[in-house]
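> For chain A, the structure is supplied; the task is to place chain B on it using the hints.
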Amino acid sequence: MDSLNWAVWVKDLTKRYGDVRAVDGISFGVSRGEVFGMLGPNGAGKTTTIEILLGLRTADSGDVRVLGMTHAENHRTIACAIGAQLQTTGMYPTHTVRETIQLFSDFYPEAAPLDELIDMVGLREKAGALVKNLSGGQRQRLAIAIALVNRPHVVFLDEPTTGLDPQARRALWDMILSLKASGTTVLLTTHYMEEAEQLCDRVAIVDRGKIVEMDSPAALINKHFKHIAIEFEAPPGAEVDAHDLRSLPGVANVVVDGGKVTLYSSDVPATMASLLGAASHSLRHMVVRQATLEDVFLKITGRSMR
Amino acid sequence: MKAVWAIYRANFREYARNPAVLAFTVIMPLLLAIFLSLIMGNQDLFTIDYYLPNMLGISLMWLGVFATAQPLVEQREQKIFRRMAVTPLSRQSMLWGQVLFRVTVGLFQAAVFLIAGRIGFGVRVQGSWLLLLGATVMGALVFVTLGYVLAGLARSQEAAPVIAQPVQMGMMFLSSTLLPAAMLPSGVRAVVRAIPLTYVADALRQTISRVPPMLPLWVDFAAMAGWILLFFVLSVRLFKWE
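Residue numbers (this note's numbering), protein chains in the order written: chain A, 1 to 306; chain B, 307 to 548.
Bound conformation, chain A alone (with noise of 0.2 Å):
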């Protein structure tokens, strides 16, 4: 495929401030009607990736296009087709949310019904509260509500869920699937793998400027992990030995982050009762589990993400 039947293209992107490279060469594509996920830490990248996509920076090289467009060439048609959750939606603080959905309707020709948006994002009951009055995660839907006014056919979401709690994320990602459902092409970044596991078809594992790895959730497993990770946290003081722990029966890898050791084996029985047996050191918070991208960025980058 070309660049044009992609939603989103990037190929060879580049961005520098100073001396720092921010994007360090990016690639990839994002077909329509996708979800895909950015997934990395802060100052990974991702949030300068995604403000070039939207026109609000220029690359220092490489080519990005929306929907087949560049933004030099049409600008304005590409804001036309895409909606856009930027880390900070600016918003008038003494608007109503009503208010609020009602003023960025009016800078697109054409807008889905105010009372649909409300209801989409769950502020029924919020319609008429002023957006300075909102609690965080009533403030993030409306920042939701505001980038769906126009129907977009390619949503932008920069770190949707960071500072929500449980029950408002879980609410985030009904909405974002929900968005998938019909059809529309979402393009988010996360630093919670768990996001990227539930919400996206494809990730990007972004470090430092770079995509180190771009797949399904399950294929990066998959490929990373076909093992258990069984998981304790060492005695205070304690040292761990990487190397004993990576003899016993079954264990194919063994990572130490800080106190916390996570075995990856092929045979938990078997590497539990030498483990067990040989637990000169007391395990506390142990937890055997299926490998998660969590495991997948430990293992690429050596560090874990928070």
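Hints listed in this document are in silico derivations from the structure and should not be mistaken for laboratory results.
Heads up, some of the hints might be wrong.
[As the list claims (entries may be wrong)] Partial list, computed: chain B residues near chain A (C-beta under 7 Å): (1) K308; (2) A309; (3) A316; (4) V392; (5) T393; (6) P394.
C-beta: ideal position from N, C-alpha, C; glycine also.
Just chain B now, with coordinates in the frame of chain A:
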């Protein structure tokens, strides 16, 4: 056009719902005009005829500071312009909406002053209504463009008053609005001519109450046009939306 109107209305809402800004742009200068004329009014020159137009000039100046520079810096920090840059709204539409809103506030201020002057003090407009309208619009534009320059100079919300206060205080005392230029020390008198408020107030005095002119009316208008042009050019260079 729809977008210009939307920006115009949104700015009006924020203005009308912010009592502090309303107080600074309308109520305070009006009260000042009344107090000053009551305190100083026993001397021939310092009547309401002198202070009403002057304080209207000051209220237009405060439109530039409290309803232009300050909210622009705040809205920039709140990333409101940045969010709008992601929509099809053009910068020109945004600017038109904002400036039209502020000129409307200027006309509203003039209307309040004239009605209060008429009811409270029997002040009747002595000059041409058309020239008064022109002086109000030009005066508003002088300070609104100045407001964009100040918002361009102030890099943060904290810096805005630091930059704006000396400018507006200086203009208030060094123009001929509180005391006639003739009463200022001779060394300061030269400065009076270098201050935009001097010309705005002189034009308003001449069109509202025919207080003896400081300068011919056409000079006031020419000076206002010059200030608008200068501030416009400076704001294009200095003002940043983000």
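> Run through the hints listed earlier and report the numbers of any the structure violates, in increasing order.
Structure breaks no hint.
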